[in-house]
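2 protein chains.
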Amino acid sequence: MDKKSENVVWHNHSVNRELRIMKKGHKPCVLWFTGLSGSGKSTIANAVDYLLYQRGVHTYVLDGDNVRHGLNGDLGFSDTDRVENIRRIGEVAKLFVDAGLVVSTAFISPFKADRSLVRNQLDDGEFFEVFIDTPLEVCEQRDPKGLYKKARSGEIKNFTGISSAYEAPEEADVHVETDGKSVEQCAEFVVNALIDAGIVKA
Amino acid sequence: MDKKSENVVWHNHSVNRELRIMKKGHKPCVLWFTGLSGSGKSTIANAVDYLLYQRGVHTYVLDGDNVRHGLNGDLGFSDTDRVENIRRIGEVAKLFVDAGLVVSTAFISPFKADRSLVRNQLDDGEFFEVFIDTPLEVCEQRDPKGLYKKARSGEIKNFTGISSAYEAPEEADVHVETDGKSVEQCAEFVVNALIDAGIVKA
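Chains A and B supply the protein sequences, listed in that same order.
Letter 165 of the first sequence, counting from 1, is numbered 165 in UniProt numbering, and no numbers are missing.
Letter 44 of the second sequence, counting from 1, is numbered 44 in UniProt numbering, and no numbers are missing.
Hints are not guaranteed to be accurate.
Covered stretches of chain A (chain B as the covering partner; in silico rule of three or more C-beta atoms under 8 Å from a C-beta of chain B) [as the list claims (entries may be wrong)]:
#: 1; region: 14–21
#: 2; region: 47–56
#: 3; region: 65–72
#: 4; region: 79–92
Please keep in mind that the hints were generated in silico from the structure rather than gathered at the bench.
Here the structure is a predicted model, which means the values were calculated and not measured.
From the three backbone atoms N, C-alpha and C, an ideal C-beta is built for every residue, glycine too.
Next comes chain A alone, as it looks inside the complex:
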């Protein structure tokens, strides 16, 4: 195995992003869902994932279930760990984009600076900030995990929307106002935005 000839023969034979995109039949991107706890981020992200799957798009969803106890299982909830949590999710999302997939992330990600950090890791047109805009009252009324109740009683400290800020995106790439809409309507709104942006075919 001569190193020089090996390089000559194989150099152009590795699979690059362009080849992967060509095979997938759609462009890759990150759908960065952000919103309050209980806003419907994960539900809508999964609904979008399902609609994209039906269209033949290669997708993946990163959320608390598969990230928080795995890759980020060593992180707590300090300020430093919170930033590191989002940084790693952004880096992993970037790898999935490089692999040619449409990857959705569903984390509260309340701070603009953290979300900007991820946006800056990606190329133009590869990062879509999807703001799941559900009024706090609605989220608190749903309270699917009983977290708002615990936040109000003080059992949980620094809870986004109650005792810690949620910095809503001012210019989200996709602004989903969920009030009065079904999950399916919200998901279709996101998919249509991806069609308009040329990520997936109409």
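The hints should help you fit chain B onto chain A, whose structure is shown.
Here is chain B on its own, set in the frame of chain A:
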């Protein structure tokens, strides 16, 4: 958007691993390449990637280029950081498997304990330890990045194979003896092992 009915309607509509596998037309797995510096891990991993791509397999390669400066850019070379480096790569590989891809990793990963940790993160039949078995003399003679020279002079400390142990796999899932073989032959050997294991179709 009523939470209860939302759950009823949408619960079965998220895309799970089985659906993703069905679409991809092959099983997902990790090809964990391990071997000395200069053994040909990355070259062969990319050659395997190319052969799999030609067969319509959805793949990705994790290596120093896309991981070390991104996700693991905060890690140094201490014992703790070395373990954390491999742990994170294993967790990310697991996410790619969950997404339905055949993901290759090309890192020296000299210690059995670290590799076992990753194997244990994955289900049976999803982790293939691919030992790129190239004699130390051959690796040192190639020395593509001049690292062996620096290790011999003492400029680099704890260099695998010279001043730090390489714990060769005793029962690798795929044992590639590269000596006297072309890169293409080595890559085909790996692909044939995947066909035998039922990961990809013949």
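Handout entry: Broken hints, by number
Key = none
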